[in-house]
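Protein chains in written order, with this note's numbering: chain L, 1 to 524; chain S, 1001 to 1190.
Because the hints were derived from the structure by calculation, they are not lab data. Backbone N, C-alpha and C define an ideal beta-carbon position, used for all residues, glycine too. Warning: the hint list may mix true and false statements.
Keeping only pairs whose Cα atoms sit at most 30 Å apart, straight-line, the calculated DSSO-like set for lysine-lysine is [to be verified]:
| id | chain 1 | residue 1 | chain 2 | residue 2 |
| --- | --- | --- | --- | --- |
| 1 | S | K1056 | S | K1087 |
| 2 | L | K290 | S | K1056 |
| 3 | S | K1087 | L | K290 |
Here chain S is said to cover these stretches of chain L; the calculated rule only asks that three of the stretch's residues, wherever they fall, bring their Cβ under 8 Å from a Cβ of chain S [said to hold, decoys possible]:
| id | stretch |
| --- | --- |
| 4 | 311 to 320 |
| 5 | 376 to 387 |
| 6 | 505 to 518 |
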Amino acid sequence: MNALAVLSFGDRRTLINTVRELRRHPGRLALWALYAIVILGFAFIKTKPSSQHSQAPPFFVTALNDLWLCGFAIAFGIVLATGTSRWLGVFSSRAEALVLTRAQTTPLLVAAYLQMRAVVVTLAQGFTRFAYLIVIGIPTGTTVFALLAQLLFFAAAGAAVASVALPRALARGRARIAMIAAGVAIAAAGAIPLALDALRVLQLPAAAALLRRAPDIHPGTVLIALAAGDLRCIAVPLAVAACATAAFALAARDAFPELYTISLANLEWRMRVRNRRGLRDDDAAKPSLKTVRSTAGTSLRGALAFLWVDALMFTRRISPVVTAVVAALALIGGAAFAAFARHSPELTFGILFGTLPGLAIAVASTTGVRLAPALRMPLFWLGDVSLAARLAAWTFGAFWRDAVLVALAVAGYAAVSGDIHGPLVVFAGASGLLALTRAVGLAVFALLPNQIDQRGPAVMLRAVLSFALVAPAVTIGAIAAVVFSSPFIAGTLTGTLAAFTEAALLIVFAAWRLAGRVDRLALA
Amino acid sequence: MCLAGLVRPDAGTIVFDGAVLGPERGRAVALIPETPDVYPMLTVWEHLAFVAALTKQPAGWEERAEALLDRLAMARERDTLGNTLSKGMRQKTLLAATVLGGTPALLLDEPMIGLDPLGQRELRAIVTDLRAGGHAILVSTHLLESAAAMCDRMLVLDRGRLVASGTIDELRARRGNGSIEDVFLDVTRS
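Isolated chain S (complex conformation) (with noise of 0.2 Å):
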């Protein structure tokens, strides 16, 4: 939350892309976090409709609102509305909104939990596809292998303080290409 602007730092700041992010940082990093909620009453276009109007976005948004809701496979919940989606069509719908608003990081909040199997493989498979489109994305999870599979790099945090980080080849090399599980445990009790 302290990421995506939405908590004051007690201290230290955050830089992205170079830039020291001041309380404007809400606007480089959009949180989705592991309850994504939406707004019940609107359909997934609306909310696309919305975030263009309240991003300001220029002409033309609606071929890329098209092609994004294609590339999630999400053509068809087009005027489903908010209320009766699934939690993987809401973390896609907010995925959606938050691409087409143009902001450049995205924060997801344990982002599998509640998600079945086929649902976890397409979250991966369309965060995969965002960063090679160009986007940061800092995943907060507990799972993982799931973080493995996903990640280039990984933090390790216990209490709030920094206690390892690298790609993931680095990480395991520091327990003989060990498993990240057993990587974590190592860290986090020493």
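So that you can see chain L by itself, here it is in the shape it has in the complex (with noise of 0.2 Å):
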């Protein structure tokens, strides 16, 4: 117990210390309370305190249950394929690798300590970031006892992930190579289940008869079985984290060197990509392109040159066959979904206004705003151009990119569909939301630029203004409709018009907020 009280004590210090640091800031620890009280919120609205029936759950249940289960299942096989040794740190600093390698404890201990808190952590920071997808994704109507049952499968699964990573980083020869194959055979497995799903859910004529042939295998059905008091399914991820635990103590005793080397590489590449984050820089991934032949110049002018020097890093760095690919599959997945909305026009409409909005504000409250390293860039500061002006041009920069990827996906239902009104009206739309939710990260970031607010109350934050702003602009249509009778041009139009002034109006106040405060982004 002593040695863990000295193994642990600076980790206590710096947890000690980060609570102190939030007590002085009262506005961020009123919003983290604000996010707690909201997840709390929603556990208590959508659980209920005993179950009234037990016939089967509709399909949806039994797919999103799948997802939880395969989803854990692939990011398992992910990280025993690739050990993912830049995810999972060993030592978080070089004093701490040269402290607690000299701990006079046994190297049994500091192995497994070490290993405990990366599982830890892992967790600490899963359960922050995605507390609300817990809640969200959970069906409404069910009690107390599975919500608490599951979350615990959650928490044992996570670990199960996390605790494989550090055992994969320092497996060598034939050690590494099962670990690959069965890491890449545990990911298969666990694709094919959500694959078939995926398939019943579009209803395709062409998959129906593959559909009678497989096999109706349904992994999720172990949370309902949880939900119905069987917990015995828990020990399994348990069993796992246990074993890659005890294995890794064993075999990290002796390779502290090793262990350093994964460290130091991984420290270096987490400064990397702190300082240059929001640029995308992969000079990593691109060790050997050193020259390149430069372009000339643009005729863009003022604000509209950072729109070109988006383009150029993104076309450098981004192969082309990556770009064709993902148009393709845009093309493809536009197509696909015409040839699914003949057979249900209902759902269709349902898909269109009612879940793809949905996921697209889910999503985009989500996507980390990589503002600040931008900010920093001395040349960002350069000319007569406002500050305002530079935010917009930065936030069109990551816009058109996804604006380009609807036209696309619009472009290929229009193909199949052979109507060109509605894709057009859906594109309007799309691009109203697009544009406002980019601009709400931005007015977020500016009110919370701290990284670990960033991945809590910022992302709350972000999806009730989303949700809360996109309802003028819906109403704004809704009335231009009525007034023009014209219920789709005039009324997506004006809808759409209304939401880009929203944008307009959030990217202005971000730069109120932002202008004379970059002292504050370099520290948040």
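From these two lone chains plus the hints, build me the complex, please.
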């Protein structure tokens, strides 16, 4: 116990100092409290004391449960196959490595502590980042016991995923090959039920014969068994985590030099990512690319020059093959959706105007805002362009790529359906939504630039703001539709214009908030 | 950062060339920080092209940019990507870009840190050259001898307050032509 207290001293002090630092900022503390209240409130609303019925759950619940289980299996397989040594650190700093490797205790205990810390940190970060997802992703009407049992299972599964990263990073020779093979097999096995569920949801005629022959596999039934009180399946991920921890502790007690090397590589990589986050620099992936033929210049002037820089860096960062594949997938996705729409027009309407906008807001709210490194660039500030214009250009730089993907999907839909008006209306609405969610992200970043806040309350704030600001745009669009007797064209265009106006106002707010505060961003 | 317009001053005004600078002072003063970040996926030339577009330079900027690259001995690095440039090269890229952008005053924060002796000598020569060309250059540094070799005037700040100022000779005379280090320690201890 004494040895554990010594080993954990630095971590405990870091935690205490973080809490003290948070206490100095009541605004941030209040937002974190609000975040916790919202999550608990959602949990309270969605649960009931006990279950009254025991009939089979609808298919979407089964598919959602499959998504959870298979998602964990795929994550486990990927970590086992790749090691992701960059994802999990061993020593948090060079100083810690010097202290812990010289601690007056057995190397076995030091290794076990490092492994357990990696798992606990991963679980804590995962819970902070995805707490909203756990609550939103659990079907309404579940019991309190079921929710707690499922959360316990998720924690055990997360521990299993996190616990194999370090053993895999240390593995060499045959053990390494065996781990890669096992990881690939597990990830592939996890993907099969998801693919079958997706085909069942899409109800494509071409896949009907395949689905008749395919087995009815639903790993997600584990969650249903948990909800019914059968907690045995929690033992499986816990056993995996325990075995991996034991294996790591045994292997690592004589492998401090290797662990130190992994840690240094990891620390340097994190430093590079931290310094250049937002620029999407990938120099580590392209070490051979040193010189290229320079582009002569651009005719875009003022703030528009940022668009040129963004496009230029995008073409250098992403290979043309990847760009072509993603573009083709968007086109094919749109075409497949049009084929699906012929069979289920009502469901299509629901997906287009309910599921997809909600999903877009959820994804946008959880996507990191990488503005801080851009603001730290000396050249960002040159010239007499206003900060609002610079931020607008920066926002548009990320927006146009998403808009092009939507345009391709819409073109694919139009090509198969033969309809042009409907897809154009969807494209206009989607553009407004994309612009709005981007601007909301920027405005919330201006309020809460701290990276930890960005992963916690900022996500909630972005989601709430996005939904709240979509409402006026939709209302204005509906009024225009009635006034001009044009439900689609006038309604959508007016609503989209309202969304763009809201986005512009948010950018102006962000510029006002950020002006003269770059030092705080540097500390964030 | 306050001088460069990135941080709002708590009190006081910033005057440049006889005019009080408001929030737009960032346009007159360009900051080249200790970690001179450049765009990783742009070449040196594209940095200049970007600044020319951003600051709406008139036609013919290309000739001036080429001349700047020659003057800073960077012609060979014209097509080198930012993520492979050394610290000295990144500093030079930013210097070339800010000069091309027509920024009249440059603020260099600890420019010598991390440079090898040759790099330090080159930078001193560039700063002297730019000063001769009419640019106002403010260097923030703890390397006193290096500052003495570059600067006309020196300001000594102690915990945010100005405690001494003057030409290098004036400051040295305060301690019987002693070293700048002695002068610095004298005024900051008192």
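- Message: Given the hinted pair K1087 (chain S) and K290 (chain L), is their Cα-Cα distance within 30 Å?
- Response: holds (15 Å)
- Task: Mind checking the alpha carbons of K290 (chain L) and K1056 (chain S) for me, to see if they're no more than 30 Å apart?
- Result: Given that 30 Å is the threshold and the Cα spacing comes to 29 Å, the pair holds.
- Coverage claim, chain S over the stretch 505 to 518 of chain L, checked by counting residues with Cβ within 8 Å (three needed): holds (count 4)
- Given coverage of the stretch 311 to 320 of chain L by chain S, checked by CB-CB distance under 8 Å (3 or more): holds (count 4)
- Quick check: the stretch 376 to 387 of chain L, covered by chain S? Criterion 3+ residues, Cβ under 8 Å. Holds: 9 residues of the stretch 376 to 387 of chain L have a Cβ under 8 Å from chain S.
- Would you mind confirming whether the straight-line C-alpha gap from K1056 (chain S) to K1087 (chain S) stays at or under 30 Å? holds (28 Å)
The structure shown violates none of the earlier numbered hints.
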